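Chains as they are written, first to last, in our numbering: chain A, 92 to 309; chain B, 92 to 309.
To be clear, the hints were calculated from the coordinates, so they are not data collected in a lab.
Worth double-checking, as some hints may not be accurate.
[Unchecked claim] Mimicking SDA-like on lysine to any residue, the simulated pairs with C-alpha atoms at most 25 Å apart in a straight line are:
(1) B:K243 / A:G244
(2) A:K243 / B:V176
(3) B:K243 / A:R153
(4) B:K134 / B:P185
(5) A:K98 / B:E184
(6) B:K243 / A:L123
(7) B:K243 / A:K98
(8) A:K134 / A:F164
(9) B:K243 / A:R155
(10) B:K243 / A:V305
(11) B:K243 / B:N289
(12) A:K98 / A:G244
(13) A:K243 / B:R306
(14) B:K243 / A:R242
(15) A:K98 / B:P185
Since this is a predicted model, take the numbers as computed values, not measurements.
Number of protein chains: 2
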Amino acid sequence: MQGEIEKAMEHVLRQKITAYGAGRTDAGVHALGQVISFTADTKLEIARMAPALNSQLPTDIRIRRADEADGGFHARFSALARRYVYVALNRSEPTALLRRYVWHIVQPLDVDAMQRGAATLVGVHDFAAWANGTSEVTSTERELYECRLRRKGAFVLLIVEGSGFLRGMVRNIMGTLAEVGLGRRSPNEMTRITESRNRAKAGRTAPACGLCLVRVRY
Amino acid sequence: MQGEIEKAMEHVLRQKITAYGAGRTDAGVHALGQVISFTADTKLEIARMAPALNSQLPTDIRIRRADEADGGFHARFSALARRYVYVALNRSEPTALLRRYVWHIVQPLDVDAMQRGAATLVGVHDFAAWANGTSEVTSTERELYECRLRRKGAFVLLIVEGSGFLRGMVRNIMGTLAEVGLGRRSPNEMTRITESRNRAKAGRTAPACGLCLVRVRY
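Work the whole structure out from these sequences, hints included.
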């Protein structure tokens, strides 16, 4: 996605552009509220920026709006918090229209048990056990401001907001919480997994399709 | 879609199958609650039917469930009512994730005016003015039990339930109501259009992507 956006920017602005995104969106992960910053020397009116970029982008990437920022602003480093929502569809009936946006789980989930497990992750922790590879970062400590479950009809949502996220972190948390919800693990295991700092102790990585970056706070 | 489903049925049931759908879903139109009936001579347990068909179908078509019906049941002719929802996204910001499921209308819609126009269509009317081509049917009289607008955040929904629908009927109603909502037509014109029985008096056909068959009642 970043490559596509930089290409569109270079076409519109006729200069080499490096764009910085606020939050991770691996392949198959969606974003409703991604923020991107870049520096450019242009006379293009800011109100024309989003339409001009959208005219060059594939239809599955849309720029919602563009604003000028202070010189010191950086989409990634200025961000105070990122909010992700992971959506599971928990019913026997499959879905055609939502197949790219939800993880379909047929067996009934015990959302209360998942909630108890999720609550253990709120606060400052070393999340090494929840990351897929940590070579790129020096510290694996992060703070979660919110980590909770919500059932809405047939949907089960994991809502997480934190200072930052390690690679695969939300999907690994959701994958493990699903095992809690299916009765294969106890909610108490979540704390032991975190304390182990060992990825092998956590459960499977939930599919990318259910994950969405919904908001970045500055 | 019907062709794909019949193909899957013939593969699973090893016999020639003719499937009947309850409601129109033209190309690009979605369905959450389509009902299909067919007759087959098989020993396959009914509980195995949906999974077996889904294993043969492309992922954008899912059978939610299958039930045995009385001999006289016909998905189309036994239906008492079909319910469609047309979804418009009414805001300046475009959408990537919902692009195949909504009609994006940038200018603000006057939903109250649209509602007044929609209300004139409830009841028994000759809907010839609202149909794209009427050669296939003898009568163009239908009954609408419900025809109303609802704003939900940035979304504007047209909710219609009726005994049956002519080709393009919901999309033509929505396209014309959008012109009412944009102030290009008065709500009073809706009655005059209906009475004219002349397709040329109505407005444009709204895009297929916003339309969804949500339920069929028996």
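*asked:* Tell me the numbers of any earlier hints that the structure contravenes, in ascending order.
replied: 4, 7, 11 and 12
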